[in-house]
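> One letter stands for each residue in the lines below.
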Amino acid sequence: MVSLFKQALESGKFVVTSEVAPPKGINLEKMHHHIELLKDKVDAMNVTDHQSSVMRFPSLGGVLLVKEMGGEPILQMTCRDRNRLALQADLLFAASKGINNVLCLTGDSVLLGDHEEAKGVFDLDSSQLLAAIRRLEKGKDLGGNDLDGRLAFCAGAIVTPEANPIEPQLIKFEKKIEAGAEFIQTQAVYDLDNFKKFMDYARQFPVKILAGIILLTSAPMARFMNKNVAGVNVPQELIDEMASAPKGRALEKGIEIAGRMIKRIRDERMCDGTHIMAIGREELVPDIISAAGLTSDPPLPLRHHDIENK
Amino acid sequence: MIRSITRQKSEQEIDHLLAELGRLFIIGCGTCTTLTRTGGEPEVRAMKGRLIDQGRLVTGDVVLPVACDNLTQEALKEYGQQIGQADVLLIMTCAFGVQTIASQLKKMVIPALDTLFIGKENGIGTFDEICTQCGTCILGETGGICPVTSCHKGLVNGPCGGTNNGKCEIDPEKDCAWTLIYNRLKELGRLDSMRTLQKPRNHQGEPSPGKFKF
Ligand code: SF4
Ligand code: SF4
Chain A
7 MVSLFKQALE
17 SGKFVVTSEV
27 APPKGINLEK
37 MHHHIELLKD
47 KVDAMNVTDH
57 QSSVMRFPSL
67 GGVLLVKEMG
77 GEPILQMTCR
87 DRNRLALQAD
97 LLFAASKGIN
107 NVLCLTGDSV
117 LLGDHEEAKG
127 VFDLDSSQLL
137 AAIRRLEKGK
147 DLGGNDLDGR
157 LAFCAGAIVT
167 PEANPIEPQL
177 IKFEKKIEAG
187 AEFIQTQAVY
197 DLDNFKKFMD
207 YARQFPVKIL
217 AGIILLTSAP
227 MARFMNKNVA
237 GVNVPQELID
247 EMASAPKGRA
257 LEKGIEIAGR
267 MIKRIRDERM
277 CDGTHIMAIG
287 REELVPDIIS
297 AAGLTSDPPL
307 PLRHHDIENK
Chain B
14 MIRSITRQKS
24 EQEIDHLLAE
34 LGRLFIIGCG
44 TCTTLTRTGG
54 EPEVRAMKGR
64 LIDQGRLVTG
74 DVVLPVACDN
84 LTQEALKEYG
94 QQIGQADVLL
104 IMTCAFGVQT
114 IASQLKKMVI
124 PALDTLFIGK
134 ENGIGTFDEI
144 CTQCGTCILG
154 ETGGICPVTS
164 CHKGLVNGPC
174 GGTNNGKCEI
184 DPEKDCAWTL
194 IYNRLKELGR
204 LDSMRTLQKP
214 RNHQGEPSPG
224 KFKF
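Protein chains in written order, with our numbering: chain A, 7 to 316; chain B, 14 to 227.
These are computed hints drawn from the structure, not numbers from a lab. It is possible that part of the hints are untrue.
[Said to hold, decoys possible] Below, a list of computed lysine-lysine pairs in the BS3-like style, where the Cα atoms sit at most 25 Å apart:
id, chain 1, residue 1, chain 2, residue 2
1, A, Lys-146, A, Lys-202
2, A, Lys-125, B, Lys-199
3, B, Lys-22, A, Lys-125
4, B, Lys-199, A, Lys-203
5, A, Lys-253, A, Lys-203
[What the hints assert, rightly or not] Here are some, though not all, of the chain B residues that point toward chain A, as calculated from beta-carbon distances under 7 Å:
id, residue
6, Phe-130
7, Glu-182
8, Ile-183
Backbone N, C-alpha and C define an ideal beta-carbon position, used for all residues, glycine too.
One chain only, chain A, in its complex shape:
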């Protein structure tokens, strides 16, 4: 079964993904609500995996809920908490339930989360997890043993276009593609001229790229990210613009900025789509989508040769 997300990626349209975060606990109401709001507005939604090393309801459980509710889920899998046996087993389980989009991540250090004394596993890294998926698809596990039953995934990874230094990051990016990444969701980009330069380089690879957009919620939040989030660089003009918003209207400003950026990315056909992250404010994603002028029906499809001709 070919995934709907993969079909969207291959259709040449401007693909929109977003994400939902599982709860701390078993009250799924809020996640349910976010899925309901987003499922018809985006091409697929990621379910995060113990984001920032904070223990939560599992991403595997989250993707099942998305699926059950008629959405197209992307299973985020980090290598932090499971060794290669557990990762492969979870992939088999996902495949058996019709979950066939996976985003492979190395995962944050446990020291950044809420179980600081836990063991960080990292038996595999993101590129090795991608390679493992391709191997499972060939009917073999990492031990070289035959698997009973066929499976197929649309597998992807991430890149940080603004990493400093950038060269080691790009080598890793190329290894992820070599290992089998079909799509890449980027870390948040704010300086689109920089992002364009990244795309001039990235376009040579056979991979679909979705530009990461994180909703700015206030000027202090933007400054906080600059200081604390690796590879995120909000230019001063945007911080000033956020600060210029009248009291109580910062969020609207953030939505406007995110919408404007997505519109420019699409109008200039910078890449294949966008991945919208509204960390904790997922209910605002539909507003960002409308601010970008994207409707739920696929707008004028962006053809691949258009990208190539640019």
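Fit chain B with the ligands to the supplied structure of chain A, relying on the hints for placement.
Coordinates of chain B with the ligands only, in the frame set by chain A:
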């Protein structure tokens, strides 16, 4: 030179470990823990003073030349009586010393230190962990810098997404191993080596437990 790097346990933890125990004998080491100032003469003296002030009975103390050496038993002979009177040995050597002493004296031991890593001295008073004896050495592919040890996550295929301005996501004071490796390989004109997709590591390369006989 490699050294066993230790850190003294908190006074609270030491007091807790000694809570139910009576007379004690204190042992330090003249090698690594003297160098790292965690279990040499001054530290043993300070520990003894603190415990006596608490009203504890200390039957004696000694700083052995090399606590992990098999001759430790000989060195301790002349303290036989004081050790015999003690209920427990409070040991201010690294864990290699603690185990050596425990196996030779057949007495309860309480480690006063935590052993952190085997470090290489890089300049006076600074020690870095540069090898964790993984049993499948890949230094040939990384320009002689060990990612298994120097990368917080032990990654062998390049940096994670947390690398920030050449530093590691867990500590802005620690270099990202993969920035160091990249720079070294670039200098050597061998970046191709970093481009090779490394297979998952063999985590059983290091025999566990390790045992060896010539
Ligand atoms: S690769 Fe293994 S053996 Fe080689 S330096 Fe690193 S930890 Fe030591
Ligand atoms: S920041 Fe660098 S050293 Fe730290 S875990 Fe990531 S790759 Fe390893």
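> So, for every hint listed, does it hold in this structure?
The hints, checked one at a time:
1. Lys-146(A) to Lys-202(A): Status violated; Cα separation ~39 Å.
2. Lys-125(A) to Lys-199(B): violated, 33 Å
3. Lys-22(B) to Lys-125(A): Holds, at about 21 Å.
4. Lys-199(B) to Lys-203(A): Distance of about 23 Å is within 25 Å: holds.
5. Lys-253(A) to Lys-203(A): Answer violated: Lys-253(A) to Lys-203(A) is near 36 Å, above 25 Å.
6. Phe-130: violated, 16 Å
7. Glu-182: At about 6 Å, which falls below the 7 Å cut-off, the nearest Cβ of chain A leaves the hint on Glu-182(B) intact, so it holds.
8. Ile-183: Status holds, d = 5 Å.
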